[in-house]
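Engineer: Sequence:
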Amino acid sequence: MGNISSKGIMGRKKFSSIITILMIFPLFLTVISTSHAATIGGVSFSNESIIISPEDPVSGSPISIKLTLNNSNTEVSEVDVYYYKNSYEAGNEWKIEHVILEASDGITDSQTNVTVIWQNVNIDDSGIFVRVYDADSDSFSASVFKSFSVQGLPDLVIENVEISPNSDIHENDLFYTNVTILNQGTETSEANSVSLNIEGSGISETTVIQSLDAGVSTTISFESTAPQTGNWAIQISVDSNYEINELDDQNNDWNGNLIVTDVPDMYFVGDLVVTTSDGGIASVNGPWTLSGSIFATEFENIIQGTNIDVQIRLLDSINDAEITLNKNIEWNTDSNQQIFTLEFNKNDIGGFSAGTHDVSVIIDSNSQHNGDNSNDIVSSSFQLANSPNVNVNIISDSSNNVVNIETNISFYVNIQNTGDVSSSGTLSANWRGASYGPYELIINPNSVETIEIEVETGSTKGNQDFSVMWQPDTNWMDSDNLDNTDQVTVEIEIPFLLNFDLYSVNITPNQPYIMGVEHNLMINVNSTDSGSQTLECRDKDDELINSKVLTFSEQNKQDLFECAFTPNNTGLYQLKLIFVEEDGQDYTMTLEIDPPDSLLNIDSEDSTNFLKLLIPFTILLIVALIAGIVLTRQRIDLSNVIYVDIENDGYDPEELNISIGDKVMWTNYDEDDKHTVSAKSLNEEGQLLFHSGDLDDHDEFLHEFDKIGSFEYGCKYNSKFYGVVNVFGLEDEDTDEIIKGSTQFASDIAEMGFNEDELESDWDERITEAEAEVEQVRSKQESEEIEEEEINLEVEDTDVKMKIDDEDSELISQRGKYNQNMDEILAEKGELKALKDEDVELTASDANMRAELYALTGEEGVMPGEEVKIGLGSNKEHLEGAADFVGNQLPKVDTDFTFDDSEDVINKEVIKEEVEEEKSETAECGGCGADIPVDAKECQICGAKFE
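Going left to right, the sequence shown walks through residues -12 to 934 as the numbering used here numbers them.
These are calculated hints, taken from the structure and not from any lab test. Do not rely on the hints blindly, as some may be mistaken.
Stated by the list, open to error - Below 35 Å or equal to it, Euclidean Cα-Cα: the simulated DSBU-like pairs (lysine-lysine) are:
hint, residue 1, residue 2
1, K544, K661
2, K707, K661
3, K72, K53
4, K527, K314
5, K527, K661
6, K563, K694
7, K694, K667
8, K694, K650
9, K133, K82
10, K82, K72
11, K527, K544
12, K650, K563
13, K333, K535
14, K667, K527
15, K650, K707
16, K707, K544
17, K694, K661
18, K527, K650
19, K661, K535
20, K535, K703
21, K667, K703
22, K563, K707
23, K333, K314
24, K527, K563
25, K650, K544
26, K650, K703
27, K667, K650
28, K667, K767
29, K667, K448
30, K563, K703
31, K72, K133
32, K448, K563
33, K563, K544
34, K544, K703
35, K563, K661
36, K703, K448
37, K667, K707
38, K707, K694
39, K661, K650
With the sequences and hints as input, model every part of the structure.
Structural biologist: So this is what it looks like as structure tokens:
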């Protein structure tokens, strides 16, 4: 069945040989300047050190090029490797690789491999040139060439297909398919199969072609019987069974068509498509466009420009009325298929009722090119529609059309088309005199478009109208204009919200709050608008204490609420202020209730005898306390109370850094004005984290911080007052830890002439003595204060009147005023030492060790138990933090470490900071560091006397 013929293309071979010689000739010229080995800067390589893998690559595949570089240098070298494909030409390198070479050991050269990949080598590729660039010498090595040979592959393609006869093939006619196959590869192809398939006809044939040399073509022929009338798809494939390895197996197929006809004929191909300007089949006025395609079995016999007569037949589906329109289709195609378009409008179908009707296109049966009249008609349908109706409807996002002022409100406008055709037009809106839009819209048939229009409510309340209007582009696009507008009325109101004025809280009588005493809470309630609200005052058990209906008007939007309550227990007392109608946030206040004086005072008739018995017992307790302090060498830790002064210009200090669990005491020292300490943050219950209430002159407020964070506060009477408390977590304490300084404490102290054990023991003994003395003085002062303020007890030996300021929680020398009768208290201690005495050198704790430290450091003295720095280095180094320290770290202070080792008492200039005092100027005691009046002759704490 297959007729195979073969022919060689000798001329093409000769021409290819000449081209190959011309391409190889430059390579010979290049080889002349190319070496088999090269060296540059101690780096060498050769032709043998270039390895091509695979050695015989196949065309279209990648190859790996591995270069081995030898380095004879005894230090690391860096070079650049230049690669050139096929020919060497300076400046036209293919790739550059930067290589770092390991150093040679002086005996054997180090070797470094460099690998690059050459993708898709071609049959014309012949080799790679390599040369090395040494940056140190700024020179190149000689180029080294490594050749390789690329194996070619066959590549079979279908060069041409001819079907004979090429026209007028009718069913059951014999026809031939002639296929020309070319081997456009570089190698000879082996024998393989060629197949022909006519899809859906059952025709499938295969034949074998023998081997083909490169560049040679052959022609085979298939003989077949035409299938039934129609347009058939033909596919011809070479190497259809994948029997050979070729360069490209994606170009082995050919696809075409086989047209089989019985007799010359015309018929419609595909469907008749009806469209309107809206894209559907419905229209009010038309036009309706008919689109289709006519197929001619002998189109070559049809002259270009020939009119093919057709008829448009329209049938009313309601009353069966029929209308025929004569049209023609101009044949102007070079193929066997002519596309056509025909139109008709409402004027062509006068009298047709609205609805869907039939339309057909019929080829004239008398046409000379139409031999079969059984397939000359194609049908579809069209719709004659009434004018659409568009209505608009406003939907507000507020269910009751009530919104708040100063907000945005969105109106959703539904534009609905209830017709069968599209309608286009514009939508416009109006709100409070402002226009929105226009919005140009196309509404599809039987659909709804929703437009969101966002407006501002404004700052005034009242009723406002929002209106919209739809305007169609033409009159026929809307059959009813009465539903083209819509309007809604929106009530704009001010929300009725209540809040407590926490700065107005006032409780009388004020702190301390006493059990059994009636107190009155007053607080202002603010409103955003007029209205009424029931406010209840309840205790922690939710028992009702008081309630009141608060009334607010447009003119007065504040009302006062009062609640009288009587605490019946000490401890924490809770008041709940609750809005019954829930138009505000409830407020809960927690108060600290103290016991009444009746529980604290002793009956007057028995007080004297009781105190006489109490005094010895108290003295025993004080002695036991002092003994406990001496034995444990621990002082009562009051450091967790930090003080803040409230002056007329703000808080002093404004910022505190404390640890969790510390307490802060604020004291108002402004004689003229009252102030508050009010947190700027709320707790979990929505209350102020802390609030002092009104603080008059010398009033105090104490708060414990049990959470980590930064807490800002201010004064409700003065907005410029600002303070912040930074609370940090507690770190693990290690009393033996050296915070800063030398860890070689013993050796460093030895260089200063001291022994570590002696220094520590003497120091501890003196500190213990000093602590005992201070505690004794303090105990005495406290007992004298009790005698003066409570019972006015006359003491036989000493008439002591003590006054301790309310803010002094540790030593009266740290804050407050000093009593003038301290000499009498200290006289009970026994023998006193003073600077005016001969052969006496006063120390901070009356200990020799402390005197040696004073002479060493040059300081005026330190408080008992206070941490100190013992440093090595100059005064400047200490101030700059460059010197080594032993012992614990203190805050940086200006300290003079110079000293005179003579026997004379050290006299130093004491630098005094200018501190604003309320009543008297003070100086610092050189013995214990306490604050004393400038003109004092004696320290009231340690008993030191001054000239």
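Engineer: If you test the structure against every hint from before, which numbers come out violated?
Structural biologist: Hints 4, 13, 25, 28 are the ones this structure does not satisfy, whereas the remaining hints hold.
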